[in-house]
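The task is simple: from the sequences and hints, build the whole structure.
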Amino acid sequence: MDRVKQGYADTAEKRLLWLDAQSHLVEQWRVPLQQAGWRVLHQSQISPSLGETAPTVIVINSEDDQHLSSLVTDCHRRSPQSLILVLVKPHQNQAASEALCHGALDYLHKPCSVPQLLHALDDLLTLLSPQPDMVVSSHVARQVIQLARRAANTDASVLITGESGTGKECLARFIHAHSARAAAPYVAINCAAIPENMLEAMLFGVAKGAYTGAVQSQPGKFELAQGGTLLLDEIGELPLPLQAKLLRVLQEREVERLGSHQRIALNVRILAASNRDLRAMVAEGSFRQDLFYRLDVLPLRWPALRERPADILPLAQHFIAKYAPDSGYQLGSAAVRQLLAYRWPGNVRELENVMQRALILSRGLTLQPEDLHLPVEGLALQPTHQATVVMESPVTAPTPSLHASKRQAEYQCVLDTLRRFDGHRTRTAEALGMTTRALRYKLAAMREQGINIDQLVFQ
1 MDRVKQGYAD TAEKRLLWLD AQSHLVEQWR VPLQQAGWRV LHQSQISPSL
51 GETAPTVIVI NSEDDQHLSS LVTDCHRRSP QSLILVLVKP HQNQAASEAL
101 CHGALDYLHK PCSVPQLLHA LDDLLTLLSP QPDMVVSSHV ARQVIQLARR
151 AANTDASVLI TGESGTGKEC LARFIHAHSA RAAAPYVAIN CAAIPENMLE
201 AMLFGVAKGA YTGAVQSQPG KFELAQGGTL LLDEIGELPL PLQAKLLRVL
251 QEREVERLGS HQRIALNVRI LAASNRDLRA MVAEGSFRQD LFYRLDVLPL
301 RWPALRERPA DILPLAQHFI AKYAPDSGYQ LGSAAVRQLL AYRWPGNVRE
351 LENVMQRALI LSRGLTLQPE DLHLPVEGLA LQPTHQATVV MESPVTAPTP
401 SLHASKRQAE YQCVLDTLRR FDGHRTRTAE ALGMTTRALR YKLAAMREQG
451 INIDQLVFQ
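Using our numbering, you'd call the opening residue of the sequence shown number 1 and step up by one each time.
Hints may be right or wrong, so weigh each one.
Capping the alpha-carbon separation at 25 Å, the derived lysine-lysine pairs in BS3-like fashion look like this [as the list claims (entries may be wrong)]:
1. K208 to K221
2. K208 to K245
3. K14 to K110
4. K221 to K245
5. K110 to K89
What the hints contain is simulated information worked out from the structure, not anything from laboratory work.
Laid out in structure tokens, this is it:
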């Protein structure tokens, strides 16, 4: 968790595994990579000990499309915590897309320069320490962070969607922090938390004498964010009349304070967030279509915690470190199982509250289920007729392997989703945010672990 607080480069060795049948390219770049602080290891094929060594980044160079996909899949299965970058030629765009579906997080076209490679590696490292309160271990969350990193390089509007409590504002702060506007103000306004009769003044500002009590002029959030970034949180709660005024401000890039006709030019990057389905709101007439398209230039969906179970334990450990640093608290194996079984309707916000409460109520340094006080109705029931994933080596130690627990949680999520859709592969893949081919590879990996998928799904 120190990586999250202090930044990856300051706290851990940067290990790079270069997978390439040839050695000339890695030897050409070895010295500049080492000068940039990377420890470089070259292998012509995947080592059986890959999962144990867990390189920070794996760079895969292959001009065989089929071989590239299999390498990515194998690396992601053996070392899911490693960040994967693939090098492809321009005609390999389809292979690059497949690689992203199978576990890679980014790709570079060959030939590329040393600065381009180093920049891509730096971008990947931001996934390990994106923001102080952002912990991302799951592949699906890392993919969103990578898209957010690219969005940060532009001035386009970004619409962040996701359930309440997932951390949409943290993602907005990440975009601002990695943009050219990082040194300028970051301003957020929650459109659902301010009374409608005050919201217009809060957004656009008030001129002196605009109404009784307006004894002096007040800048609005747009002016306060001048030169920087403005987050319009819970944008779906904005009343229709204000939606029209907001659209005009976004189109004209200027604002008028209430009670004034003076136009103030704006230089503000707009981010918006919502836990509602804005497309559905457009269809029912409660959200303006033109405003939706103005905001939805770069859409990002931040997944619910139940959709990224691999993040549950790292987040729990993060909150222990946040609220009880250097205390020696740890999660008992029974508590780990309960954390992974719970559905987390309140997402990361609920997990943070649960961990904070557990640290207060615990009578020992090993947290137990009774310390968590999770609602029974939120726990996934696992009666004998509905078998769960059982690893070949059951957990016996007080604190199980984090890697094994994350893998078990991921497998359980796949099985639960398959059951929900009666084994339908395409619908399951869509719900999990992956391609059907990626799901097939995932199921194959589960079978290699001795998991009888059909029996567990259909019995």
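Quick rundown of the hints versus the structure:
At roughly 17 Å between alpha-carbon atoms, K208 and K221 fall within 25 Å of each other, so this suggested pair holds. Taking the CA atoms of K208 and K245, the gap is near 20 Å; set against the 25 Å cutoff, the hint holds. Distance hint between K14 and K110 is fulfilled; the C-alpha atoms sit about 23 Å from each other, no more than 25 Å. For the hint linking K221 to K245, the alpha-carbon distance of about 14 Å falls within 25 Å, and the restraint holds.
Between K110 and K89 the alpha-carbon distance is near 5 Å, which keeps this suggested pair within the 25 Å criterion.
When held up to the earlier numbered hints, the structure conflicts with none and fits them all.
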